[in-house]
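Asks: If you read the sequences in order, they're chains W, G, S and R. Note that my numbering numbers the first sequence so that position 326 is 326, with each residue one more than the last. Note that my numbering numbers the second sequence so that position 159 is 159, with each residue one more than the last. Note that my numbering numbers the third sequence so that position 209 is 209, with each residue one more than the last. Note that my numbering numbers the fourth sequence so that position 248 is 248, with each residue one more than the last.
Because the hints were derived from the structure by calculation, they are not lab data. Don't be surprised by glycine CBs; every beta carbon is placed ideally from N, CA and C. Fair warning: there could be bad hints in the mix.
Stated by the list, open to error - Selected chain S positions facing chain R (Cβ under 8 Å, derived; list incomplete):
(1) V196
(2) T216
(3) G246
Claimed, not checked - To spell it out: a stretch of chain S is covered by chain W in this simulated footprint if at least three of its residues, at any positions, have a beta carbon under 8 Å from a beta carbon of chain W; those stretches are:
(4) 112-121
(5) 251-262
4 protein chains.
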Amino acid sequence: MTVRFALLGAGRIGKVHAKAVTGNADARLVAVADAFPAAAQAIADAYGCAVRTIDEIEKSKDIDAVVICTPTDTHADLIERFCRAKKAVFCEKPIDLSLARVKQCLAVVKETKGTLMVGFNRRFDPHFAAVRQAIDDGAIGKVEMATITSRDPGAPPADYIKRSGGIFRDMTIHDFDMARFLLGEEPETVMASASVLVDKAIGRLGDFDSVSVILTTKSGRQAVISNSRRATYGYDQRIEVHGSEGLVSAENQRPVSIEVAGAKGYTRPPLHDFFMTRYTDAYAAEIAHFIAALASKKKPKPSGDDGMAALALAEAALKSVAEGRAVKVAEIA
Amino acid sequence: MTVRFALLGAGRIGKVHAKAVTGNADARLVAVADAFPAAAQAIADAYGCAVRTIDEIEKSKDIDAVVICTPTDTHADLIERFCRAKKAVFCEKPIDLSLARVKQCLAVVKETKGTLMVGFNRRFDPHFAAVRQAIDDGAIGKVEMATITSRDPGAPPADYIKRSGGIFRDMTIHDFDMARFLLGEEPETVMASASVLVDKAIGRLGDFDSVSVILTTKSGRQAVISNSRRATYGYDQRIEVHGSEGLVSAENQRPVSIEVAGAKGYTRPPLHDFFMTRYTDAYAAEIAHFIAALASKKKPKPSGDDGMAALALAEAALKSVAEGRAVKVAEIA
Amino acid sequence: MTVRFALLGAGRIGKVHAKAVTGNADARLVAVADAFPAAAQAIADAYGCAVRTIDEIEKSKDIDAVVICTPTDTHADLIERFCRAKKAVFCEKPIDLSLARVKQCLAVVKETKGTLMVGFNRRFDPHFAAVRQAIDDGAIGKVEMATITSRDPGAPPADYIKRSGGIFRDMTIHDFDMARFLLGEEPETVMASASVLVDKAIGRLGDFDSVSVILTTKSGRQAVISNSRRATYGYDQRIEVHGSEGLVSAENQRPVSIEVAGAKGYTRPPLHDFFMTRYTDAYAAEIAHFIAALASKKKPKPSGDDGMAALALAEAALKSVAEGRAVKVAEIA
Amino acid sequence: MTVRFALLGAGRIGKVHAKAVTGNADARLVAVADAFPAAAQAIADAYGCAVRTIDEIEKSKDIDAVVICTPTDTHADLIERFCRAKKAVFCEKPIDLSLARVKQCLAVVKETKGTLMVGFNRRFDPHFAAVRQAIDDGAIGKVEMATITSRDPGAPPADYIKRSGGIFRDMTIHDFDMARFLLGEEPETVMASASVLVDKAIGRLGDFDSVSVILTTKSGRQAVISNSRRATYGYDQRIEVHGSEGLVSAENQRPVSIEVAGAKGYTRPPLHDFFMTRYTDAYAAEIAHFIAALASKKKPKPSGDDGMAALALAEAALKSVAEGRAVKVAEIA
């Protein structure tokens, strides 16, 4: 079975998905839509697919599934439209910045018996997936504590920050999902500390650039998340999980793994410059999972509910910072 | 100048210090005291020093300094006695489990113009000291976030737990000191999560075995501490500090650093079995610093105030767990 | 410009090149030929190209270049035929097992002004290429000594050994090319030691499975090569180059880079299982270089002469083993 | 039992052994001799032992063993004198630069039933010893190939080179011993390449500064040695052994193991500055082995024969360079 795709949104992340879809033997990219015709045309030219409007794609009989890479504030609407149009939906995170809107949207998905997968790509990174697999294989016994370090190479422009929903909803949300993925139990309380240490402009917009979070589950499992919007040495992405029998960890990946030794010491080149180069394999594996799920009529993961759960943790973290206390997730969701 | 030492307490940590003192070219171990005569005699035999009572040492004119390695509940009394006796005092952490008693004791130190150094040995580990040095050298710019991972190889017996003052005062206290050492700014608030995941007996004694802590300074610098009372792979001791220009870290030390590769992969032996083997060099450097300070008439560091500050963080952490909120250190101290 | 390719030979390595060609935006795979029609058809189906005979391809006007992945004893003939047919030729190593035949073939390439690139894929591995780049950037000063470690995961079957030309011509030849690539000066003498330690069947065929080689250039630069036909921990591929100002090295690549720590130590998974997974990126970069050279009318490297030089080193190594002496390359070539 | 030592030679390596002896609970340093009285006095002052002449030490009844750290050309004479004087002898390598003289000397050792241990310190490095132990434990199956990398931080002055016996007898000799230690089978043939790449002054003295050696045993096991007199990044000391079941290796040790990451990459400090800091633990373990052997009336290892065997390999290597061929060790010994 070949899944016939349309791509909605031909921007930076849209290109990543176009490549993932066209490189997959069980998929075909049939059409692409974008508010900027030139962007859509560029993808159409590169991969030999058609440019169509979103309306046309909604009605296209030769489309089985859509990949939503449009701006965040259009996600929920498009999910609803394409679930109603009986297309399987892969949507970039987040579903929406408002938890209420997410709930509404997921109600439509349920009502239409739609298929929705949310793009938490890191679960599909081969190294992070191998960490999860090692846990499943019993390599570290019972999970107790997770440590997630995630730092961007450089702070985004003010314009991006404004539309981002803030660091917890935009950046930490990936780590919240990762914590849920690794802990194997839902976080019950959230404690967070947030500062502006990198760029005062971020602070002026009411956002933070440096945050630390502790998540605690009912049985007492803990995850610690450390985030910064800037790391001079590249895109820093590490996880480790401590359990009753041991520790499993995934170190940073490097674009070039050489080392030069000289009078000043031993030097390895910096890390990847961002997620597009760091997570190339993850994006391919993510789409492959979506396709395989469609082929086998199984629900793809992470689901809409996973998207909502991560967003609820983001809101709890914000509330924790504002009120200086441990916030129960139950207060939010 | 040769500093003439008496050792008070000939137990496990007393032996470590006896070795550090006798191995130092500027020091001489003159006498040792212990409630168990056999323990004192063993050290006297090994290093050719005298066995004396604490009273005798207090009056000994051939003693310049004492190293206090007796049980915790005797520390404050002995510090006061020996400051009054005009001996320089090196005391194992903690000064006391009660912050009020510590304050009282430090008042006596001040009043007698005594010299007191508190045994936070990790500051003197060559690798951790090099991290601090790198920060001082400007290698990472302005400090922003520290991550401290500290796991013991195995949980102590219930008997030890009872007298320990609990995990925050007994174990995390080292990490609180390390956080202060690394952040270069006093923590203002403490958030902590604490669980019993390793040994239910610890929970029955009202203590915890797995804790995560976030410390935040006034300017927003953050330190994250992750502790467990048990790590199957050995004594896990790591630090890293993220700053405006980069990251500096110190990995675990290993007793034997070979690697064996075979069909199942690449395997390196476990870490050190505990602090005595892991921090051998740190103990020697710590005593050397104390001796050098005496020789140059400078105040040795960490001071009694450093001991008190770490204890205050421990109390704040306990309160944070009890009340589910961010606790200001000012509430405690 | 799009380079239109035909693939000659649809076996294991043919598939690797089919993928590299079809994944390249500046290339198109037009046709495939194989003595086994089913093998050719499989590639044609997977990539949407035509099945043709070698004769047909020779005459095809819609073919600019061929990739020769047929059995070794057909390489030289095919190179000659396709140079005469004015197609650019990319040929898997070796050109031939006989140095005399190689010379003859290269004369034809020259006479026809043909374009020939030989498939020493390792030069194009991003990590090894970065080692070369670091040297070119002056990171280690003047090159002095290179160390090349190369071990296959498991010995090939007797049948393969028989047709292989022996370990020096089949396996070490890659390391001979790498040594030339790294030393930046032609080896003048070869000393080699060769044993049968892995599989006696290999010895019965007159071949070896474990060899060490020293190459020395005129100015005294040295390269040491260590080969084994079997490594239980995977495909072991490492290089390091020592120079007047420092050392540059490239460690093994790993399919999954996690680490599990437990009571028995710290374990990382084994290496790649063989060249197809280890050198995926190298194969893509190799074809990209060939295509870019055709587009810019430059000679692609490694050339036919590079192929001949590596073969001459293999013959010198064989002679060194047989005669127990340092063999001058000039005696061979 | 306490072994009473005299130290012959109070130079650089003499100080290392003085520290090793005095730090050993089962040994006592009774006396020290040196042609320069001030050098002897310095050690006497530091460790509280007597200064005596070599003649006096020879007759001293309170001396059980001597550590010979005098210039190389006195070693053989002193070994003979002290074996005759019934003192156990620990002698720094080499016994002598002339194989004939070594044979003569060992005959005296035998005739007097003397105890002689030769100072190949690297066997006692905890990491290299752990490699040997892993082999003994069967971790890599049957030994097949060893790789030994050994580079000094900087070339010694011409004056040292003149008296050194040349790089093979002075520097590579440690690696020859290590190869014998690791291979578990005597090398049968030696092939060597030697160049002057570091310092032309070394070449003018008829010596080399960059050498590569292949040793082959009767059953075909191979060891490869790579030496340089200069490494800008510190004292480079690595071994690895490949066997039928896997690989065991010991990486370089570092004085400080921190890492700093910044815009230019990840940097670790250089290696140790030389053998005194790198092999501190090895020197202590070496003397401990000597003492334990005396206490248990066993022959200490490495023996005089081990010293001779390594020297024979050095001579074979020199001959291999001179004659451009594989030299049988049997031709030498």
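Asks: It remains to establish, for every hint, whether it holds in the given structure.
Replies: Hints versus structure:
Satisfaction of the interface hint for V196(S) is found here, the shortest Cβ-Cβ separation to chain R being roughly 7 Å, below the 8 Å cut-off. Because the closest C-beta pair between T216(S) and chain R is about 5 Å apart, less than 8 Å, the hint holds. Look at G246(S): its Cβ gets to within about 5 Å of chain R, closer than 8 Å, so that hint holds up. With 0 residues carrying a beta carbon less than 8 Å from a beta carbon of chain W, the stretch 112-121 of chain S misses the three-residue requirement, and the given coverage is violated.
With a threshold of 8 Å between beta carbons, the proposed coverage of the stretch 251-262 of chain S by chain W holds, since 10 of its residues qualify and at least three are required.
Hint check: a violation occurs at hint 4 only; the rest are consistent with the structure.
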